[in-house]
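Here's the letter readout for the chains.
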Amino acid sequence: MPLLEIKNLTKIFTIGSIFSRTRIVAVDNVNFDINEAEIFTLAGESGCGKTTTAKIILGFEEPTSGEIIYKGRKIDRVHQNEKERRELLREIQAVFQNPFSTFNPLRKVDRYFYETLFNLGIADTREKAEEIIREKLSAVGISFEEFSEKYPSEFSGGQLQRISIARALLTNPSLLVADEPVSMVDASLRMSIVNLFKDLKEQYGVSVLYITHDLTTAYYVSDRIAVMFRGNIVELGPAEKVLMEPKHPYTQLLRESVPEPDPKKKWDIRIKLSETEQAEYLRQGCKFAGRCPKVMDICRKEPPPYFEVDGVQVKCWLYR
Amino acid sequence: MSFIKRYLLPRLITYFLVIWVGITMIFFIPRFLPTDPVQQFINRLVAQGTYMDPKAIEEMTETLKELYGLKGSLWEQYINFWKRFLKGDFGPSYYQFPTPVITLIKQSLPWTAWLLLVTTLLSWIIGNILGGLAGYFSNRRWVKILDSIAMVIRPMPYYILALGLLILLAYIIPIFPIGGGFAIGMQFTFSWENLLILLKHAFLPALSLILIGVFIWFQAMKLVVQSVKSEDYVKYAKMGGIEEKRIVRRYVIRNAMLPQITGLALSLGQIFGGALITEIVFSYPGIGTLLYNAIFTGDYNLLMGVSTLSILLITTSILLIDLLYPLFDPRVRYR
Amino acid sequence: MRTENLKSYYILDIFGKKRVVKAVDDVNISIRENEIYGIAGESGCGKSTLLKALFAAIEPPQRIVGGKVLYRENEKEIDVYSLSEEERRKLRWSFISYVPQGSMSVLNPVVKIKETFKDFIESHTTGKTKEEAYEMAKEHIKELGLPIEILNAYPHQLSGGMRQRVTIALATVLSPKVIIADEPTTALDVVTQRGVIQLLKEIQSSRQNTIILVTHDMGVHANVADRIAIMYAGKIIEEAKTEEIFENPMHPYTKYLIFSLPKFGDKGRRESAPGSPPSLADLPPGCSFHPRCPHAFDRCRKEIPPLKEYLPGHKVACWLVEEGKNAAS
Amino acid sequence: QQLPPGIPRNETFIADNLTGRAANPGNFNIWATWVWNDRGIQNLLLEPLWCVEYATGEIINALAAESPKYNSDFTELTIKLRKGVYWSDGVPFTADDLIYTIELAKNTPGFGYNSQMQQVKEIVKVDDYTVVIKLNAPNSRFHTYFLDRWGALRPLPKHVFEKVEDPLTFTFNPPVGTGPYVLHSYDPGGYWTLWQRREDWDRTPTGMLYGMPQPKYVLFITYGGPEKQVLAMAQHQLDAADLTLEALKAVLNRVKTARAWRKNFPWTVNIDPCVTGLHFNTAKEPFNNPEVRWALVFAIDIVEYAANAFDGAVTLSPIHIPLTTAYYNWYFTKLEDWLKNFEIDLGNGEKFKPYDPEAGFRLAEYARKRGYPVPDNPELIKRIFGPGWWKYAPDVAAKLLEKNGFYRDEQGRWHLPNGELWKITITTGTNPAHPGYRNAFAAAQAWKKFGIDVTVQTTDAAATLDQRGEFEVSTDWPAAEPWGGHPDLFRVLEPFHSKYIRPIGENAPWGNYARWSNSEMDRIIDEIQKTAWGDTKKLIELGVEGLKLLVKEMPTIPTFNYPGVIAWDEHYWTNYPGAENMYAQPYHHWPNFKYMLPFLKPTGRK
Amino acid sequence: MQVLKDLLRDTRFRFGFIVFLVLAGLSILSFFSPYNPYLWNQVPRDLPPHWPHILGTNSMGQDIFWKLTFAVRNSLVMSLIAGLVSRVIAMIIGMIAGYKGGTADRILMFLSDSFLVIPLFIIIVLIATMVKARLSLPMLGLLLGVFGWAWDARVIRSQVLSLRERDFTYTALLSGSKALAIVFKEYLPFLIPLIFATLIGNMSWAIGMEITLAILGVSNLDIPTLGTMLQWSINYQALLLGYWWWVLTPVITSIFLFIALYLISVSISEYLDPRMRIQRIGQA
Ligand SMILES: Nc1ncnc2c1ncn2[C@@H]1O[C@H](COP(=O)(O)OP(=O)(O)OP(=O)(O)O)[C@@H](O)[C@H]1O
Ligand SMILES: Nc1ncnc2c1ncn2[C@@H]1O[C@H](COP(=O)(O)OP(=O)(O)OP(=O)(O)O)[C@@H](O)[C@H]1O
Ligand SMILES: [Mg+2]
Ligand SMILES: [Mg+2]
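Protein chains in written order, with my numbering: chain A, 1 to 320; chain B, 1001 to 1335; chain C, 2001 to 2329; chain D, 3001 to 3606; chain E, 4001 to 4284.
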C-alpha cells in the first residue's frame, strides 16, 4: 500500500468576483502515489501547478475534486476535527522554498520548535522538548547552541533551510513535502540540503515529495519523478528513465535546457518560449501543443491520454 | 459588456448599498435628539416676544406637527422620506417652513460647491506637487523650511488660522472684504468686474482652506514619495541615467499619486463638514451654516437634504475614481 | 575596463551605531573587449556591490573607499570616479549598461514598456522625437526577436522571463560597449533561463560587445562565459578561462563549487562546502575561507593570500597554491 | 467701499442682523414663516396697529388711530385706523386690509396667529377706518395680538394676498408695506438686505408721527460672530450692533466714535422689558420646597454673581419684573418698603429679613475697584445697578436646608435628606452671549462655592427640555416679560395659572416651566383678566399682589435686567437714543427702529 | 529602554519626546494645582503674565497656567481613549477581515466603506449635540474612537492579507497554531508599527476634532480641555481685547502637542519599519 495516493486531483481557481469567472485549472486530474521511504519528485516549469498540489496535500487549499488517501485513509480536510488535524500534522510536514520567509523575521526561530512540540502534544515539558530539538538539529548538522534565541536573519539561507527541515522532523513525520527547497539556497550549499533528504530516506524511512524545477538535483535524489505541465502530469516514471531518456517532448525540452556545468556541452538549438501562462492553461487539446516541435493535428484538438511506454507513463499522442 | 457585468455592476451595487446605509443612519440619528423641531419653532416665536397665550401654543403645536408630517411612527416617516426622496423632494424645511428644502439647498449649494471644489482640488494639486518634490529632494534646504512651515500650520486650529487671516488681510491691511460672497447690491450679470468681486470675496476663505489643505497633502505625499523613492524601478531608472526631472515626474510622482487619488475621493466627501467653520468665519453664503442651523433647530428635512447630498457626492466621487482608477494604475484592471 | 584595488564598503549608521560592510575589498580585475566575463560566488559575497561599483552608480550607504574603476573608451582610459555626476550619467547606457538582479520590480508599473524605452532613449540621445524613439525601440525589439506587442504591454502583463528579456533589451538598446548583467536568470525556471541566456549570447555575438555576467549557477557560466572570476567574501579568489576553471580549479572553494554539482548520469554522493559564508561586516582574519576550508593551515588563519597568476591567465588567491600544497581532491 | 455704486455711505445706516444669516432670504411672507423678521421686515417695512415703546413707557398708535375700545363684557373690540396711510405700491390702507388679515389668519392653518384668531366670531366693518371685532368669549387682552413688541399680527396688503393661491407658500417678494422703507435688494445667500426710504414716507404712520426717517438707505447685514462685528465697526462698516459685553469692550477700545447705551460702565441697556434669572423645576424634589429655593437664593453672593456673569455690568432686580424706568416707578417704588420688612421663617421662631438694600451699592463698589468710573449719586446708583437684592447669607441658607433634613459632610459637600450627594444640573442654551448662559455659569459658581455639585448642561434643546420639565434648574426668564410700555402684568402672571400646569413630559406654558401654581395667584390672574386695559391703577394694585406672592414663594429667582449690549458708531449718524437721551429704545432689530430713524442726525462725514 | 536610547539619537524624536514630556509633566502638575479649575473668580481677572500667574489670568478670574495643566491632561486622556478605542476596533475588524476573508471580509469591508462614506463630521456634530450635556471626557473619546477606525481597518486588512500569503503562516499552521495564535503571534509584530503610527495620528485627529467641536460649542464647555479653553477665550473676545496670553496659550500648546506627536510618529514608524528592524536584529 502506498503511503500517499493522489486520485484525480483537480483544482480550479476562479479569478474575479461573483459576476465574472475566469477559470484556471491549476491542477488537472492529477494522479500519483508516493511509497514509503521514497523520494518522489514533482518537476515542471514555473506556474505549472506544483505548489498548488503541495498545498492541497498539506490542507492549505481545498481541492475542487479528487481524493487524497493517506495510509489508506481518505483525508477530508473540511470535516476534520481538531484531533484528526493534529494527527495529520504529525504525519505530514513541509519545507518551503524560501528559507527566509519560512520563519517570521520578527520572531525567534526556536519559538516555532517549541510551538510545534507543545501544540501537537509531542512534548509537555521544556526539557523534553529541548531534548527532541537537540536530536533533530543534530540530524541536520546544526548545534543547539548556535540555534537558540536567534532571529532568522542571523542565519544563512542554507542554515535556515536545514533548520526548517529540522522543525519538520520534530514530529517524526512519514511524509515530508518539500516545495523547491533548494531553489533559493546557494549552489555551494545546495547539496547539503539535498543530501539531507537522501539521509532521511535512508536512515529514517521518511518519504519526501520533492518539488523542484532543478532536474539535476531531482535526478540526484529521487526514485521516481513526475513532470508537470500546466496542471497535467505529462510524464511519470523512475527518475533514471524519465531523465535519461525523456519521452514527452516537454520533458525533453526541460532536460535539454538544464545548463550543465561543463563548458563542452553548450546549447545549440534555439527554443521557442511560452506564450502567456493563461493562454496555455486555457488551451483545448494538449497544452504543450503551442510550443511542441513535434506537434500533430490531433494534439491541438484532443488532450492526450496516458500511454505506458517502457514503465513510464506519458501523456502524449506520439506514443499512441 | 463584460466590463459592465464584471466591473461596473458590482461597484454600482455597493454604491447603492452604501448610500442606503448612510442615508438610513442620517435619518435615524437626529431623531433621537431631544431637539424637537415643532418646539424649536414655537420657542423661537415666544422667545422673540410674540405674545401667545398658553392655549394658543398648544393648538399650534398640533397644527405644526400635522403640517411637518411628523405624525405617525418613525417607520412611516422613514418610508415617506424614501418616497419623497425618489421623486427628488426632501419636503419642506421646518425652520423655514414651508419653503422646500430643495430651494434652500439650491440657493446655497453653488457657493459651497465652487469654493470647496476649487480649494480642494487646488490644495490637492499644490500639496502633491510640493510634497512630491520635497519627498524626492528631501535633503534640500527649502524642503526643510517647507517641512517646518507645514508642521506649524497644519495643526493650527482652523478657526484661529481663518480668523487670523481675516484680521490680518481684512482689518490690519484692509485689502479683502471682511465677509460675504459678493458685493452688496451686486447684480448677477456676467462682467469681468463682477468676476473680480467674486474672486475677491472668495480669496480669504479659499486661502485659509488651501493653506491647511496644501500642507495636509504635502505631508502625506512626502511620505509616500519617500517610500516610492526606494522602489526598485526608481533606483533602476537612476542607475540607467535617466534625467532627474523625468524620474521625478514619470516614476516617482506618477506612482505616488495613486494613493493620493483615493485620498482625494475621500476628502471630497467631507466637503460640507469642512465648509462649516469657513462659512462661519467668513460669512460665506454656503451650505455649511445651513447645515449648522439645521442641526440646532432639529430641521430634519433640511438635515436630511444636506447630508444626503453629501453622501451622494462622496459615494459618487468614490465610484467615479474607482472607475477611473485603472486609467492611472494599469495593474488594476477592469476585470 | 579594469579596476585597481577597488574597495567599496557599506558604511551604515543605524541610530548612531557605525557598521562597515566590506562588500568589495581590494578587487583587481580587467575585462577585455568582446568577452563574456563571468563572476560567480555565493549569495552576499559582494557580487552586486562590485557591479554597482563598476557601473559607477553607487548610492549611500555604499561608498568607494579606495581604488579606481577605469573604462577604456576610444582608446582612452578614463577614471570614472574622477568624472562629474553628469558626465557619468552620460556614459551610462551609451557606453555601459546594466541588467538588474530580479526584473520583478525594476520596470515602472504604471507606464507601458515603450514609455520606459522612450525614457531611456531620450535621456541619452539628443534631438530624438518621440516617434523616433518609439521607432528605435521597435527596431531593437524586432532585432532581438522578441514579440513586438510587448512594447504596448504594461510590466505586470508580462511573465517573469519576458520581463527579464525586456530589461536586457532595454540595456542594449543604445548598443553599449559593456553590459553588466546581475543574475539575470536566478528567479527563472530552466526553460525560461535558457531563453534569456540565449538572448544575451546572441547580442554578444552580433554586436561584439562585452558582457559581465554574474550568477551563482556554474552551469550557466559553463555555457556562456569566456572567463570566470570566483568571488568569496568581497574578494576575487580565482580567475581563469572557463575551460581552465572547470578542468583545473585551484582554490578549494572553487573546487567545492564545481564538484558539488550533481550531473546527469552520475548519482555519486556530492558534498557542499561545510559551514556557511562569513558576515562581511565581521570577517575572520587571514584567508576568509579558512574556517570552512578542510586544508587550512596556520598561514591561512593569519595572512590574507594575494591574487596571483600561477598559470597563464589563471589567477588564484590561496596559500595552498602558493606553498604548492595543492591538495587535489 | 462695501456699498454698491449710487448708495452713498453717509446716507446709509448699517445695522447688524440679530438673528444672523437668513436661510431663506427671498421670502418676505413673515405671516407664514415668521422668522427673520428683524432684517428690516418688522423694523422698516411693516407697521403694526400699536407698538410698545418701553423707553418712555408708552404705547404708540401706529396704524391704529387710538387705543382699543372694549365693550363692558370684553366681547367686542372697536379699532379705529389711521387715515391717509398708503401701501408702498400706492394702494390706500383701509379697514379691508385689517379684516382680510384677520380672516386669512383665522382660515389658514399654519398661518401666524391662526389659533389666536379662532376667538374671532365676526368682524364688522363700520367704515373704511373703523372695525369692530366680535369675540366668541370675553377677552380683555385680545388687542395685544396686534400690539407689536417683536411680533404681532400686522396688517397685510389685501390687494396682494387676495391674488395668491396658497398664502402659506407665497413668498411676498417684492414685499409691500406700510412702513417708511421698501426693499432695494437682498443677498440670495441671506447675509444682507438693503432697504430704501419711500418717496412717500409721509404717507406712513412713521412719517406722520415723527417726520422723515433720516437715512435714505438702511442695510441689515450679518457679518458673523461678534469679532466680525467688532472688525466691521472698526472700519465704520457697521453703525449699530447687538454684541456681547466683551465684544462691546473691544469696540469701545478700538473705535473712538463708538459708544453704548451708557457712555460709561456699565454700558448696557437696562430698560429692556425682560428680567433674567433662574428657573426651578418645582415639580421635582427638592425644588418643590420653597425653603430650599430660598436657601439657594441665600447661597448667591449677587455681586460676585454679577461679576462672573457680566463683569458687574447689570441692573439687579429682586422682583420678577425688570426694573426699567417705567416699572421702577410703577412697581418698585410701591414694593420697596414691603421688601425691606419682608421676613423669612427659619424655624424655632427665628426670623430673617432677606432684603439687602445695599446690593446695588456693593455692585457699584465692585465696579469702582475694577477701575470703572461710577457716579456718586446714590439715587443714580440705584437706577443703574439696581436698588437692592437678596442678602448673601450662606449660614441662613444652611439653616434652612438643615431644617429640611439636608446635611453637610466633612468636605463641606451638601447631601440630600436621603443621604445622596446633592447634584444640581443647570440647563441652558448654547449662545454664550445670552444672559441665560451667563446666569447658568454664575449660578453654578455660586452654588459650587456653597458646596453643591453643580454641572451646567448647555444644549440647543434647552427650550424643549425646559418646556417638558426635563430639567432641575434652567435659565429661562424667571417670569414672562411684561408689555414694557404698559403696567399690565397679565402677561407675566397668566402662565402661573393652575389650569395650565402640565405634568413632566408635557409642555408647560412659556413663563412657567417651573410648573408652579398657587390658588391665590389664580385669583389674582382672574381678577386682572376682568380688569380693563385702561384701568392702570387697579392693574398696578393687582400686579403688586402677584409680585409679592412670587417673592414669598420664589419659584424662580430673578437676578438682573436683561443687559442689552448695543453699540453704535457715531461716525456717520448721531443722536441715537442713549441713557441720557432716552427718547426711544435703542435696538435696531425691534419694530420701533423705524420710529427712531427720524431723530438721527447725519454727521456730514463722507 | 534600548529602544528609547536608539530613538533618542534621532533629533526629531528627541525634540518631539522632550516636548511631549513637558506636556505630560504639565498634565501631572494638574494634580498639584492650587486652584480648582471649575471655579471662577479665584484670582484677579484679565491680567497679563506676571509672577505668580506666569501665563496670566482670564476674564473668569482663573489662572491660565493651572487651567492649562488640566486642559492638557484632559485632552491627552481623551485623545488616548479615542486612539485606543479606534485602534482596537480597527485591529479586530482588519484582522478578521484579512484573515478570514470571504463573506466576513466582504461584510466588514462594506461596513468600513460605509463609515468612510458617511459625512463623519456632520454625524459627530449631531451626536455630540445629542449627548453634549452628558458628554464626559471618556464619552467624547469613545465617540471619536467609534468613528475613527474605518481607514486603518482597511490598511490592517491589506497588511494581514499579504502576511497571510507569506510562508511563515504555513509554518505556523504546520506547527499546530490556531488562527488566533497566528494572528497575534505572527502578524501583530508586523502591525505594531502601523498601529502605533496610526494611534498617534488618530490622537492628533481626536485632539483637533475636540477643538473643532468646542469651537462650534457642541462639547461640554465645563471640562477644561485645549478646545474649551480656546472656546472660552474666543467667546470672551480675548483676541480683540488684546488678552493675547489667553488665546495663545491653548493655540501654541496644541501646536506643540501636534508637532510633538507628529515627530514622534514619523520617527517611531521609521524605527519600527520591519526593514529597519530586521537590520537591527541582524546586527544584535
Ligand atoms: N490562489 C490562487 N488564485 C488564483 N490562481 C492561483 C492561485 N494560486 C495559484 N494560482 C495559479 O495557478 C497556477 C499554478 O500555480 P502554482 O503556484 O501551483 O505553480 P508552481 O508550479 O508552484 O509554480 P512556481 O514554480 O512558480 O512555484 C498559476 O497559474 C497560478 O497563477
Ligand atoms: N544597502 C545596503 N546596506 C547595507 N548592506 C548592504 C546593502 N546592500 C548589500 N549589503 C551587504 O553587502 C554584502 C554584499 O551584498 P551584494 O548585494 O553585493 O551581494 P551579492 O553577492 O550580490 O549577493 P546575491 O547573490 O544575494 O545577490 C551583503 O552582506 C549585504 O548584506
Ligand atoms: Mg511554486
Ligand atoms: Mg546580488
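No wet-lab data here; the hints were simulated from the structure. Among these hints, one or two may not hold up.
In the SDA-like style, the derived pairs of lysine to any residue whose C-alpha atoms are separated by at most 20 Å in a straight line are [to be verified]:
id, chain 1, residue 1, chain 2, residue 2
1, C, Lys2114, B, Arg1254
2, A, Lys265, C, Val2111
3, A, Lys108, E, Ala4181
4, A, Lys264, C, Glu2247
5, B, Lys1106, D, Asn3173
6, C, Lys2114, B, Leu1327
7, A, Lys264, C, Phe2095
8, A, Lys198, C, Glu2085
9, B, Lys1055, D, Asn3173
10, A, Lys108, E, Pro4189
11, A, Lys265, C, Glu2087
12, A, Lys266, C, Ala2056
13, C, Lys2128, B, Leu1327
14, B, Lys1055, D, Gly3006
15, B, Lys1055, D, Ser3517
16, E, Lys4185, A, Lys264
17, C, Lys2114, B, Lys1055
18, B, Lys1235, C, Phe2246
19, B, Lys1238, C, Ser2084
20, B, Lys1245, C, Phe2259
21, B, Lys1238, C, Phe2259
22, B, Lys1245, C, Val2111
23, B, Lys1245, C, Glu2085
24, C, Lys2112, B, Lys1055
25, A, Lys198, C, Pro2274
26, B, Lys1238, C, Ala2056
27, B, Lys1055, D, Lys3606
28, C, Lys2112, B, Lys1065
29, A, Lys108, E, Arg4164
30, B, Lys1238, C, Glu2087
31, B, Lys1238, C, Lys2241
32, B, Lys1065, D, Leu3168
33, D, Lys3606, D, Gly3006
Checked hints:
For the given pair, C/Lys2114 sits about 16 Å from B/Arg1254 by alpha-carbon distance, which is consistent with the 20 Å threshold. A threshold of 20 Å between alpha carbons decides the hint, and for A/Lys265 with C/Val2111 the separation of about 41 Å lies outside it, so the pair is violated. A distance of roughly 15 Å separates the Cα atoms of A/Lys108 and E/Ala4181; the hinted pair therefore holds under the 20 Å criterion. A threshold of 20 Å between alpha carbons decides the hint, and for A/Lys264 with C/Glu2247 the separation of about 11 Å falls inside it, so the pair holds.
Between the alpha carbons of B/Lys1106 and D/Asn3173 the distance comes to roughly 18 Å, so the proposed pair stays at or under 20 Å and holds. Simply put, C/Lys2114 and B/Leu1327 have alpha-carbon atoms about 17 Å apart, close enough for the 20 Å limit, and the pair holds. Proposed proximity of A/Lys264 and C/Phe2095 is contradicted: the alpha carbons are some 32 Å apart, above 20 Å. With a CA separation close to 54 Å, the supplied pair A/Lys198 and C/Glu2085 exceeds the 20 Å bound.
In summary, the hint linking B/Lys1055 to D/Asn3173 is not supported, as the alpha carbons are separated by about 33 Å, beyond the 20 Å threshold. For the suggested pair A/Lys108 and E/Pro4189, the alpha carbons sit about 12 Å apart, so the restraint of at most 20 Å is met. A threshold of 20 Å between alpha carbons decides the hint, and for A/Lys265 with C/Glu2087 the separation of about 43 Å lies outside it, so the pair is violated. For the hint pairing A/Lys266 with C/Ala2056, the CA-to-CA distance comes to about 33 Å; that exceeds 20 Å, so the pair is violated.
For a cut-off of 20 Å, the pair hint linking C/Lys2128 to B/Leu1327 is broken: about 27 Å separates their Cα positions. Note on B/Lys1055 and D/Gly3006: the hinted pairing is violated, with a Cα-Cα distance of about 50 Å set against a maximum of 20 Å. The hinted pair formed by B/Lys1055 and D/Ser3517 meets the criterion: a straight-line CA distance of about 17 Å does not exceed 20 Å. Simply put, E/Lys4185 and A/Lys264 have alpha-carbon atoms about 53 Å apart, too far for the 20 Å limit, and the pair is violated.
A threshold of 20 Å between alpha carbons decides the hint, and for C/Lys2114 with B/Lys1055 the separation of about 83 Å lies outside it, so the pair is violated. Distance check on the hinted pair: B/Lys1235 and C/Phe2246 sit about 36 Å apart at the alpha-carbon level, beyond 20 Å; violated. As the CA atoms of B/Lys1238 and C/Ser2084 are separated by approximately 15 Å, the hinted pair is consistent with the 20 Å bound. This hinted pair does not check out: B/Lys1245 and C/Phe2259 have alpha carbons roughly 51 Å apart, beyond 20 Å.
Annotation: proposed proximity of B/Lys1238 to C/Phe2259 is violated, straight-line Cα distance about 40 Å (limit 20 Å). At most 20 Å may separate the alpha-carbon atoms for a hinted pair to count; B/Lys1245 and C/Val2111 meet this at roughly 16 Å. A threshold of 20 Å between alpha carbons decides the hint, and for B/Lys1245 with C/Glu2085 the separation of about 15 Å falls inside it, so the pair holds. Proposed proximity of C/Lys2112 and B/Lys1055 is contradicted: the alpha carbons are some 78 Å apart, above 20 Å.
Annotation: proposed proximity of A/Lys198 to C/Pro2274 holds, straight-line Cα distance about 17 Å (limit 20 Å). Among the hinted pairs, B/Lys1238 with C/Ala2056 is consistent with the structure: their alpha-carbon atoms are about 11 Å apart, no more than 20 Å. In summary, the hint linking B/Lys1055 to D/Lys3606 is not supported, as the alpha carbons are separated by about 53 Å, beyond the 20 Å threshold. For the suggested pair C/Lys2112 and B/Lys1065, the alpha carbons sit about 64 Å apart, so the restraint of at most 20 Å is broken.
For a cut-off of 20 Å, the pair hint linking A/Lys108 to E/Arg4164 stands: about 19 Å separates their Cα positions. Under the criterion of a C-alpha separation no larger than 20 Å, the hint pairing B/Lys1238 with C/Glu2087 is consistent with the structure, at around 14 Å. Straight-line distance between C-alpha atoms of B/Lys1238 and C/Lys2241 comes to about 34 Å, which puts the hinted pair past the 20 Å bound. Straight-line distance between C-alpha atoms of B/Lys1065 and D/Leu3168 comes to about 15 Å, which keeps the hinted pair within the 20 Å bound.
In summary, the hint linking D/Lys3606 to D/Gly3006 is supported, as the alpha carbons are separated by about 14 Å, within the 20 Å threshold.
Hints 2, 7, 8, 9, 11, 12, 13, 14, 16, 17, 18, 20, 21, 24, 27, 28, 31 from the list above are not met by this structure, while the remaining hints are.
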